[in-house]
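J.: Chains as they are written, first to last, in the numbering used here: chain A, 1 to 313; chain B, 1 to 313.
Please keep in mind that the hints were generated in silico from the structure rather than gathered at the bench. A couple of the hints might just be wrong.
PhoX-like cross-link-like pairs, simulated, lysine-lysine; straight-line CA separation at most 25 Å [claimed, not checked]:
no.: 1; chain 1: B; residue 1: Lys20; chain 2: B; residue 2: Lys247
no.: 2; chain 1: B; residue 1: Lys273; chain 2: B; residue 2: Lys54
no.: 3; chain 1: B; residue 1: Lys73; chain 2: A; residue 2: Lys153
no.: 4; chain 1: B; residue 1: Lys153; chain 2: B; residue 2: Lys113
no.: 5; chain 1: A; residue 1: Lys73; chain 2: B; residue 2: Lys73
no.: 6; chain 1: A; residue 1: Lys287; chain 2: A; residue 2: Lys68
Protein chains: 2
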Amino acid sequence: MSQPQYLTGQREALQEFLSKYDIFLFDCDGVLWSGDHLFDGTVATLEFLRASGKRVVFVTNNSTKSRKDYCKKLEGMGIPATEEEVFGSSYSAAIYISRILPQRHPELKSKPKVFVIGESGIEQELDSENVPHIGGTDSSLRRLGINPEDYTKIAAGDPSVLDPEVGVVLTGLDFHFNYIKMCLAYHYIKRGAIFLATNIDSTLPSAGALFAGAGTMAAPLTMMLGGTEPVALGKPSQAMMDAIEGKFKFDRSRTCMVGDRANTDIKFGLEGKLGGTLGVLTGVGTKEEFTEGDTRPHFYVDRLSDLLAAKEA
Amino acid sequence: MSQPQYLTGQREALQEFLSKYDIFLFDCDGVLWSGDHLFDGTVATLEFLRASGKRVVFVTNNSTKSRKDYCKKLEGMGIPATEEEVFGSSYSAAIYISRILPQRHPELKSKPKVFVIGESGIEQELDSENVPHIGGTDSSLRRLGINPEDYTKIAAGDPSVLDPEVGVVLTGLDFHFNYIKMCLAYHYIKRGAIFLATNIDSTLPSAGALFAGAGTMAAPLTMMLGGTEPVALGKPSQAMMDAIEGKFKFDRSRTCMVGDRANTDIKFGLEGKLGGTLGVLTGVGTKEEFTEGDTRPHFYVDRLSDLLAAKEA
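If we strip away everything but chain A, and leave its shape as in the complex, we get (with noise of 0.2 Å):
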């Protein structure tokens, strides 16, 4: 396995390396900040980038927010971006369900219906893309327990329950996850829907600590399913490669991947045959990780403010 090359102070590398790519995907959480604390040099970082005419792309797995929602968080981190910057799960999952299934699944309608497990954020991203909806924030599934009634209309398949129009089942975090969610999902998805995830991370940092991720409304019905795994739309999955190509109609070669973590964003790059991918060493992975792991970019830095050293002086 070949050895990354490290740039953190070679200005000539960091040159040629910035001439191979147009556009830097990023990872954001250990990338760009830490939790609450924005790096040193980050918004110095993205305006040179800008400024050299490159293309830059915020790439998150988080989908409770849509795009909007999500260049507001980079605004209140002191980031400036625009709404077309922004690549988020929810938006993938919104692209995916009305440009890519329609082509892998000609039997469903062109925009079939979705169930949704999650928060007003994919709401908002399938209405940008025209899709129909139900579930998610309806305020008639925010309840606990389930009654007698609930179970008879389930069983018999009552379309007052389980709409017929339904094609897509699509998860991604819900903090309103419940009990009758759960159920309407795994009846949908045996019913014939297809079972999508926006992404199934395990947990979801906050507060330095970690809580429960969109893995875990997933989870229940891969259980009650016997096994089976929803596709899912995040990262590292090439369904959100194939999205943001979708999107921007990229050069792969020509794009690079920056991250903090060897088995989601490196791999994501790796496996996505991107011209590069960047490690960084202010988030999870490590020298050690990204020298003699099993998944290791093509370049690392000690952080991403080294690229600053590219400028001619």
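With chain A's structure known, arrange chain B on it following the hints.
T.: Same frame as chain A, but now just chain B:
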């Protein structure tokens, strides 16, 4: 692998079969009834066994009901039963926690406090063994969503949300399952609590269809924990057999498990090295499974009431 003996219509063989056992452990759904339909001859067969001096025990994975609740269900189906004859997975869990855990984990207090994901059946059974517990039906945890304060308090290990005395997390079927319970359970386990489940059935039959079973409350935690499975205390786990033995002090060689499912009921009896296992063909298992499958009972009959043919004319 040996062939099971077919007993239907064989009076002498039936009499010999009955003479071998003092205790009969019964699975219920598929053996005594199906859904809401009590099989003809169920009551007469149970009465015949009791009149012949046999002890009958109803062994159920239903964790939402205490023994008392389950007795009412049996009586509602027309089957006379006493609380002493019922052994459910919640009671199994309570026995395991109060009598077996302290031996296996001497570092625990003799009765560690339990964080419960489940309904009142679990709480009643923990109470019956004087095991302290929190969570469960606590109304403060019956809410959807999570707020910023929850994140910071959980992350900080605030004792007002994470009780330092909790040494066990017990998951069972919870119709009020939600995000906050999932996160609390995860943090308790990460802090060292033992991860138990009343049972891990993936589905729950009701109204002729399948709904989410108790396993769907454990599956998200297993995912968050990177694959750690709970110790399951329902069939076919031998922890349940140990708990039954802890209660009845029976002679395994003089005990017979009766069930319709090869992979749960029959497996439960075989792995528990009971003297006998009897398959019935009124539920999930088929003659082919019983005679050609990997898990074969010692004996099988078409239906439970075929045992009545052992009566002297």
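J.: Taking the numbered hints from earlier one at a time, note which ones the structure violates and give those numbers from smallest to largest.
T.: Of the numbered hints given earlier, those the structure breaks are 5 and 6, listed in rising order.
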